[in-house]
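Student: Residue numbers (our numbering), protein chains in the order written: chain A, 1 to 285; chain B, 1001 to 1285; chain C, 2001 to 2285; chain D, 3001 to 3285.
In short, the hints are calculated from the structure, not lab data. Misleading hints may appear alongside valid ones.
Claimed, not checked - Simulated DEER-style distance windows between Cβ atoms:
| id | chain 1 | residue 1 | chain 2 | residue 2 | range |
| --- | --- | --- | --- | --- | --- |
| 1 | D | H3125 | B | E1117 | 20 to 28 Å |
| 2 | B | A1133 | A | A211 | 40 to 48 Å |
| 3 | D | L3228 | C | G2278 | 27 to 35 Å |
| 4 | D | R3227 | A | S127 | 53 to 61 Å |
To be verified - Computed far set for chain C versus chain B, every beta-carbon distance over 12 Å:
| id | residue |
| --- | --- |
| 5 | R2016 |
| 6 | P2055 |
| 7 | S2178 |
Here the structure is a predicted model, which is why all the values come from computation and not from measurement. Beta carbons: idealized from backbone N, C-alpha and C, even for Gly.
4 protein chains.
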Amino acid sequence: MASSTIRLLISCPDARGLIAEATTFVRDHGGNILEADQHTDPTQGRFFMRLEIDPGELDLDQDAFARAWAPVAARLSMGWRLASGEQRKRIALLAGPQTHCVSDILYRVWSGEIDAEIACVVSNHESAGEIAASLGRPFTHLPVALGDEGEQERAVRDVLDASGADVVVLARYMRVLSPGFVAAYPNRIINIHHSFLPAFVGAKPYHQAFARGVKLIGATSHYVTDRLDEGPIIAQQTSGISHRDTIEDLVRKGRDLERVVLGEAVRLHVEDRVIIDGNKTVVFE
Amino acid sequence: MASSTIRLLISCPDARGLIAEATTFVRDHGGNILEADQHTDPTQGRFFMRLEIDPGELDLDQDAFARAWAPVAARLSMGWRLASGEQRKRIALLAGPQTHCVSDILYRVWSGEIDAEIACVVSNHESAGEIAASLGRPFTHLPVALGDEGEQERAVRDVLDASGADVVVLARYMRVLSPGFVAAYPNRIINIHHSFLPAFVGAKPYHQAFARGVKLIGATSHYVTDRLDEGPIIAQQTSGISHRDTIEDLVRKGRDLERVVLGEAVRLHVEDRVIIDGNKTVVFE
Amino acid sequence: MASSTIRLLISCPDARGLIAEATTFVRDHGGNILEADQHTDPTQGRFFMRLEIDPGELDLDQDAFARAWAPVAARLSMGWRLASGEQRKRIALLAGPQTHCVSDILYRVWSGEIDAEIACVVSNHESAGEIAASLGRPFTHLPVALGDEGEQERAVRDVLDASGADVVVLARYMRVLSPGFVAAYPNRIINIHHSFLPAFVGAKPYHQAFARGVKLIGATSHYVTDRLDEGPIIAQQTSGISHRDTIEDLVRKGRDLERVVLGEAVRLHVEDRVIIDGNKTVVFE
Amino acid sequence: MASSTIRLLISCPDARGLIAEATTFVRDHGGNILEADQHTDPTQGRFFMRLEIDPGELDLDQDAFARAWAPVAARLSMGWRLASGEQRKRIALLAGPQTHCVSDILYRVWSGEIDAEIACVVSNHESAGEIAASLGRPFTHLPVALGDEGEQERAVRDVLDASGADVVVLARYMRVLSPGFVAAYPNRIINIHHSFLPAFVGAKPYHQAFARGVKLIGATSHYVTDRLDEGPIIAQQTSGISHRDTIEDLVRKGRDLERVVLGEAVRLHVEDRVIIDGNKTVVFE
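Please work from the sequences and hints to get the whole structure.
Tutor: In structure tokens, the structure reads:
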């Protein structure tokens, strides 16, 4: 666990010497680089870097680091941000009638597999309540009154805003968020879609997969944008099926994919391992 | 190797006692069932069965088996066909500029991994010629004259028809066949598409995958129908990629998927392990 | 969900006509076969079959079925057993300091993914207590007093026996059971070992894997016998790693493998889908 | 294709500022880093780096680069080597009776998937001859006279030495090389073993796997050392099997694993992407 590390994330136009600039800066301030990952996207001419730094050896605290680094970054036209493992992210969990994903994320946070805090658990069904309560998490049940979806969403939004959430995880929430909601948490809403996107966008992807006769099912975790199921993909997996599998079998087998893929995506996000690059992601595992 | 076995394939409305009828018939004629696979599609109420029978113990030859079985099958409204491993299928290979699939299928047939014969190898590029010639296979180069695609297809068709081909394998052929061509080889044209269908239908699927930012690439082998990339799927596989992979990397990694998936689909077909069920397949591995 | 189905499991010397005998018997009594799976082990000359039967159409109840079937089975030298989905199996969960597997099985049973009941949860550590309590399961904490392992095992055994457990699941229990314990639950103790057995038998398999420099880690669920980590394997999976992964990373990635593989093995067992064949398993998925 | 790139491989005790030193050196000489990968092994305190440099922008040719870099490396106690894609490696292929691997490597080199040259193809069976001849490769048939294994190995060695081979690929060669042979090509002999090592070391691993009842088979490509099947692992993959698979099925399914894993390992080696770290490998994909 590197929970107290400092993470410097950089995104900028590619140029010569960028790695040398950043690593020299850290070295000159006594920092020890625990992990250094770079990526150059040659089609866009973009450069990305993530440095994970042991702060115990730095001669700067986080604020001083930011002040000292800012002019270097400005000179090199860098977009950048600094994050500290000491400030654990707060997760708002939105759940629907199926509880396997919300249960899984709650356990991973409870056990420390995911180094974060649960800000709140909200569901339009009561089924997640027993799970949430069991681990001592605040649970809010906000049913959808027919013909009044906007009101339900506003109520959800109020709970989230009040909870101090940093990131919103849609744990099989099964409702489309309004553009206003999405805009309030830019690049901070993570969904799990139960197909190998872009195949089977929209409702009932296992039914779609069964009807098409595919030989694999999949799950995709992605950031939510205004375009349904089209946001930047963080993680995906597939698993083999055969003609013997009914739709119920697909649903059952899919649960394990969904749990693992969403759990991985949330971990990557809270450890500041994901940089968004247009509609794609750079994931520094 | 079960190359001399008899294979009985059945497709019919589901009813009680179908397995008992077929297995009792085989037993009563002294046959030994080497493999018995059944499948019931509950959504359609359809029943499928494949029996692989050791002919050395049967008191009927293949023709007599068919005559004796026909009234039983008629009584039970069965669609059925009988195939013998002794009559090896003849494969027509259609290739394009990329040769990894055609080379792979040629090797698998040459080595006996795929128990079939090569009827002919046809390409609109010369690159497959050296490969085909090297293993002593008849090769025909039929370039596409601009504006004259129909003529080229007719020439391909003539070579195929003359070769006595039972099955046509599109080994990265990269051309769309006309409805007339497809109708001439119903359920006997096998394609390899370099994506996880139904994602990335049509041209340049690796480019599409790169643009979308998926974290897996795939390959799909399917029977060709009139609807582009929408025919019954026989086999699919995926392989992980990351943001580090360029389009060239996807193409490289995809080659291994394509080889393995197409080789598997062709083997399943020539061993009579695939039954088409509407736009889906039942694959008795 | 087919929880009220009747399952007939058969294991016997291979002979002609076995499928016909069993399926005709079911048909003659009005039964509808929902799933029929057979397997012949040619190296041993053994035949295995699983029939899943809809009891609503049968003219026999379970006891009458058994009485009517017994003489047929005796004539054909069949080993066999009959199980009913109505009698849900009772699971005893034994846990150690790591709780991800015990938490996962508890959730799967709570949600109905695994169609069984929790008879008891026993651990030599308190960490599983909060998890068990949260879902309202009876939890017993039985610490190991140094130098007194036999006494602790006897106490565990007492709890298990009193709970009416049908099957014992070692959810990362991390202790070797005595031969007497194993003999008391023959073919009914399921373990999860955190390696791809037979590689890395015994203690600290992730450390062994790291030291060897393998490029995949694995997990294996198997029945427990007197020989450590050598019992019949029910399910296995692997996942890719690289030189970048520390031992802590292997432990983290391995957790997801362990959860999925153990969950799958327990489901297969409680649905009567596993037949033991010497030191191997026939798994009718 | 980066066939004309310069690759700098570094292995040394970990210290602060190593990345900055190397990347600054390249920048100061006008080089553009196309790929930069680092790895720190915290258990050994070792640092590894691979830089792939576009030589078109460098103000040094390869020899001048080496002379200028040597004092920097010496100051930092670096082990290092410089390789150029322009000097394509020469592969000696040693084959046995099974030809799927030798055929596969020959095709990959012929098509440019593997950017190398075939120095020679040697087999103790004639079966590889047709394959080798077909692609115009020099083939030598060196049968093993009973009781005279040493002489055969010396003959193989003579052919290899004369061929100017840089790397020896054992494409299912199925013979143990003597320590003297291994010592002559240190870290330059690549084997494919048809199991998931360290499971099923030695002869007939598919038979061992079948007897054990595993649910996955594997293939492992590794450097050959004096200890049978214990050298540093470059690549591994597994594939699912079931109780239905006979030994012949394992052999068939394994062929695709072996082809893909060996092909990948040879590509990684010839592109200078593998650094040996004790008995492990650092693989910069």
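Student: Indicate, hint by hint, whether the structure satisfies it.
Tutor: Comparing the hints with the structure gives:
The hint said 20 to 28 Å for the Cβ distance between D:H3125 and B:E1117, and at roughly 24 Å that hint holds. Separation of B:A1133 from A:A211 is about 44 Å and conforms to the stated range, judged on CB atoms against 40 to 48 Å. Here the CB-CB span from D:L3228 to C:G2278 is close to 29 Å, well matched to the stated 27 to 35 Å. Restraint check, D:R3227 to A:S127: a C-beta distance of roughly 56 Å satisfies the suggested window 53 to 61 Å.
A beta-carbon of chain B comes within 12 Å of the beta-carbon of C:R2016; the shortest separation is about 6 Å. With a minimum CB-CB distance of about 14 Å to chain B, C:P2055 clears the 12 Å threshold, and the non-interface call stands. With a minimum CB-CB distance of about 42 Å to chain B, C:S2178 clears the 12 Å threshold, and the non-interface call stands.
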